[in-house]
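Asker: Okay, here's what each chain looks like letter by letter:
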Amino acid sequence: MVVNCEQVWQEISNYLEDDVDPNLRIAMEAHFRECERCRSVLEGTRNVIQLYGDERMIDVPLGFSHRLQRRLEENIQPSRRSFLGWMVAAAATVLVAGSFELARSSVFSRPEQRSEHAQPGIGVPPDMMVVVSSDGKIFHVSGCPFIHDKAHVRTIAAREALKEGYAPCTRCMKKYLLAELNSPSLPA
Amino acid sequence: MAEEVTSLNSPAARFNEETLIRRIREGEHELFYELIRPYERRVYSAALAILRNEADAEDAAQEAVLKAFKHIRQFRAEARFSTWLIQITVNEARMWRRKAHAHPVEPIVDREDAEGDYIPRDFADWREIPSETLERKEVREKLAEALEALGNIYREVFVLRDMQHLSIEETARTLGISSASVKTRLLRARLMLRDLLAPGLGGTWSTKLHFAKGTKPW
Chain A
99 MVVNCEQVWQ EISNYLEDDV DPNLRIAMEA HFRECERCRS VLEGTRNVIQ
149 LYGDERMIDV PLGFSHRLQR RLEENIQPSR RSFLGWMVAA AATVLVAGSF
199 ELARSSVFSR PEQRSEHAQP GIGVPPDMMV VVSSDGKIFH VSGCPFIHDK
249 AHVRTIAARE ALKEGYAPCT RCMKKYLLAE LNSPSLPA
Chain B
456 MAEEVTSLNS PAARFNEETL IRRIREGEHE LFYELIRPYE RRVYSAALAI
506 LRNEADAEDA AQEAVLKAFK HIRQFRAEAR FSTWLIQITV NEARMWRRKA
556 HAHPVEPIVD REDAEGDYIP RDFADWREIP SETLERKEVR EKLAEALEAL
606 GNIYREVFVL RDMQHLSIEE TARTLGISSA SVKTRLLRAR LMLRDLLAPG
656 LGGTWSTKLH FAKGTKPW
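Chains as they are written, first to last, in the numbering used here: chain A, 99 to 286; chain B, 456 to 673.
In isolation and in its complexed conformation, chain A is listed as follows:
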């Protein structure tokens, strides 16, 4: 299969989402190796996704949070719960959240590292755009329901995510991980 520049441009977005069939992907990769202009379009499109996917892109006006909070206070009827009751509930929440965190750090520490799936995903297409959160360990397909913290994410190429030490999500990247496990190139 051979593709020309126009075909590459029409599929470049799907290519970056890994939403093209394997034969087309191979043909596009061959084209990118030969065509400097299309390589430039590919890199530029990837940069666009990466830049706009970064939370630092979002500037909110000064005082926005304060005004929003005030608007909510003006419009939301507070509950009649007693102060003591509220304090007890708040303390309970903190305790539960704290114990959850403690359990996670002691018993379930780094669960991803225990999984064979957490090995660098050689099956993941290196050009594919993926989403990582600043403090997470896992990279995802954009839109994956298992992204823990959608409020603080960056979009980068899979190869960059792997370089930065992120491991592939075992849910949204499943097909690559299975391919990797079945790969004959893996050591026995």
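Treat the hints as calculated values from the structure; they're not laboratory data.
Using N, Cα and C, we set each Cβ at its ideal position, and we do this for glycine too.
Don't take each hint at face value.
Stated by the list, open to error - Restraint ranges, calculated between C-beta atoms of paired labels, are given here:
| no. | chain 1 | residue 1 | chain 2 | residue 2 | range |
| --- | --- | --- | --- | --- | --- |
| 1 | A | Ser232 | B | Ala510 | 28 to 34 Å |
| 2 | A | Arg269 | B | Ile574 | 32 to 38 Å |
| 3 | A | Arg131 | B | Ile527 | 27 to 33 Å |
| 4 | B | Ala510 | A | Ile124 | 49 to 55 Å |
| 5 | B | Gly631 | A | Arg131 | 39 to 45 Å |
| 6 | A | Gln175 | B | Ile574 | 52 to 58 Å |
| 7 | A | Lys273 | B | Ala510 | 43 to 49 Å |
| 8 | B | Arg553 | A | Pro120 | 32 to 38 Å |
| 9 | B | Glu593 | A | Gln175 | 43 to 49 Å |
| 10 | B | Ala510 | A | Glu132 | 38 to 44 Å |
| 11 | B | Glu600 | A | Gln167 | 27 to 33 Å |
Given the coordinates of chain A, assemble chain B onto it according to the supplied hints.
Answerer: For chain B alone, kept in the frame of chain A given last:
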């Protein structure tokens, strides 16, 4: 900020979100701001992307948050709260735009054939993005200007998919269009933004090829 990221990213934070929603539904209304606080920047940016006016975006964002509160009982646990909140915001901002007619002159790109192929106009080399690029205010302003230059139908899809990280299907549902249309518009939005930004941010200005309609945003 780092502390906030850590807490938001933990299973405890997710557990906490479910707990907050349950308690708000049970009457502890004053906890609502705690629930939406991690997403307020995203709510504002979604409204701004649609309305392209800071004052309108802030008003629409506030209205959207109030609507989310009023309808919190309709939120279903199988969905993500953040996605649900952004969908409400998009609907509110679109309604706001229809009512206000804030921008009666549609951008050039809206008048182009949505289904036709888009051909890149500029092949300026743009290989590297230094990690600190976004720390520079002027770069963020250029990116915002370029986004503003897109037609509504392209900007909405791009914002939901590439900035708000909704899936293709969630984006389609939010905007009431097919997944195929989302993909088509996303392609055009990404390529148009690349055309707009590559000459400036790529560091080498293209002299051979020109941006669509012969204009550049800076």
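Asker: Does the structure break any of the earlier hints, and which numbers would those be?
Answerer: Result: hints 3, 8, 10 break, sorted rising.
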